[in-house]
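Kindly produce the complete structure, drawing on both the sequences and the hints.
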Amino acid sequence: MKQCYLGKHALFGLLGAIAVLTVVPVATIIPAYAVDDIEGADAPDLTAVKAKIDAKDYKGALADLRDLAQDNQQADVYNLLGFTLRKTGDFTTALTYYNKALELKPDHKAAREYLGELYVESGDMAKADEQLASLQKLCPAGCDELSDLRKAIDTKVTK
Numbered sequence: 067m068k069q070c071y072l073g074k075h076a077l078f079g080l081l082g083a084i085a086v087l088t089v090v091p092v093a094t095i096i097p098a099y100a101v102d103d104i105e106g107a108d109a110p111d112l113t114a115v116k117a118k119i120d121a122k123d124y125k126g127a128l129a130d131l132r133d134l135a136q137d138n139q140q141a142d143v144y145n146l147l148g149f150t151l152r153k154t155g156d157f158t159t160a161l162t163y164y165n166k167a168l169e170l171k172p173d174h175k176a177a178r179e180y181l182g183e184l185y186v187e188s189g190d191m192a193k194a195d196e197q198l199a200s201l202q203k204l205c206p207a208g209c210d211e212l213s214d215l216r217k218a219i220d221t222k223v224t225k
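At position 107 of the sequence shown (counting the first as 1) the number is 173 in my numbering, and the numbers step up by one without a gap.
Each hint should be verified, as a subset may be incorrect.
[What the hints assert, rightly or not] Cβ-Cβ distance ranges computed for the label pairs, FRET-style:
| no. | residue 1 | residue 2 | range |
| --- | --- | --- | --- |
| 1 | LYS225 | ASP111 | 33 to 41 Å |
| 2 | THR162 | MET191 | 18 to 26 Å |
| 3 | GLN202 | GLU169 | 15 to 23 Å |
| 4 | LYS225 | ASP137 | 36 to 44 Å |
| 5 | THR224 | GLN202 | 19 to 27 Å |
| 6 | LYS153 | THR113 | 17 to 25 Å |
| 7 | GLU169 | ASP137 | 16 to 24 Å |
| 8 | ASP133 | MET191 | 34 to 42 Å |
| 9 | ASP173 | ARG216 | 16 to 24 Å |
| 10 | PHE157 | ASP220 | 18 to 26 Å |
| 11 | ASP111 | ALA192 | 34 to 42 Å |
| 12 | THR162 | GLY126 | 14 to 22 Å |
Hints in this document: simulated from the structure, not taken from any laboratory. Note that the structure is a prediction, hence the values are computed from the model and not measured. Glycine included, each C-beta is placed from N, C-alpha and C at the ideal position.
Now the structure itself:
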């Protein structure tokens, strides 16, 4: 009887080992996605909005972006909302949207650049320099956003 008792435990142990060895490799093959990955396949298409911004149709872009913001908590949408509001002269609301974009994605280079440009335009050079320092950390080898903000700061300083 004792021999049968050991046989059952050995069988259960063997089945448990097979289950673990089968599940672990499959679990490691499946990629993990972050729950807050807002830059995924469901990110809105901003092509039409960017075309309006390029054409300096800020009111049209603003209307489209506000509609998008109702359905999408996405850093690019908030960043472009900030940009269009800044271009229409509404610095206070623009600041709110830049900060919202950076809450969602602190390393959003365009939001850092545009926020720095808002500070340059409003005369707060210390805060513009803070955004420049953030971009220097994000782009140690340089990037367009860093170059553009540096140029905006240098232009303001030389005036």
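**Report entry** Consistency of beta-carbon spacing, ASP137 to LYS225, with hint 36 to 44 Å
**Finding:** holds, 41 Å
Query raised in the report: Okay, ASP173 versus ARG216 on CB: inside 16 to 24 Å?
Result: With a Cβ separation near 18 Å, ASP173 and ARG216 satisfy 16 to 24 Å, so the hint holds.
Report task. Given the hint of 17 to 25 Å, check if LYS153 and THR113 actually sit that far apart at their C-beta atoms. Result -> holds, 19 Å
Query raised in the report: At the C-beta level, are GLU169 and ASP137 separated by a distance inside 16 to 24 Å?
Result: holds, 18 Å
Query raised in the report: Are PHE157 and ASP220 spaced within 18 to 26 Å by their CB atoms?
Result: Cβ of PHE157 to Cβ of ASP220: about 21 Å, so the range 18 to 26 Å holds.
Query raised in the report: Measuring from beta carbon to beta carbon, are GLN202 and GLU169 in 15 to 23 Å?
Result: holds, 21 Å
Query raised in the report: Between ASP111 and ALA192, does the C-beta distance stay in 34 to 42 Å?
Result: holds, 37 Å
Requested in this report: Take a look at whether the Cβ-Cβ distance between THR224 and GLN202 falls inside 19 to 27 Å.
Outcome: holds, 20 Å
Report task. Given the hint of 14 to 22 Å, check if THR162 and GLY126 actually sit that far apart at their C-beta atoms. Result -> holds, 21 Å
Query raised in the report: Is it true that LYS225 and ASP111 lie within 33 to 41 Å of each other by Cβ?
Result: holds, 38 Å
**Report entry** Status of the given 34 to 42 Å range, CB of MET191 versus CB of ASP133
**Finding:** holds, 35 Å
Report task. For the range 18 to 26 Å, tell me whether the beta carbons of THR162 and MET191 fit it or not. Result -> Once the Cβ atoms are compared, 21 Å apart, the range 18 to 26 Å for MET191 and THR162 holds.
In summary, the structure agrees with every hint in the numbered list given earlier.
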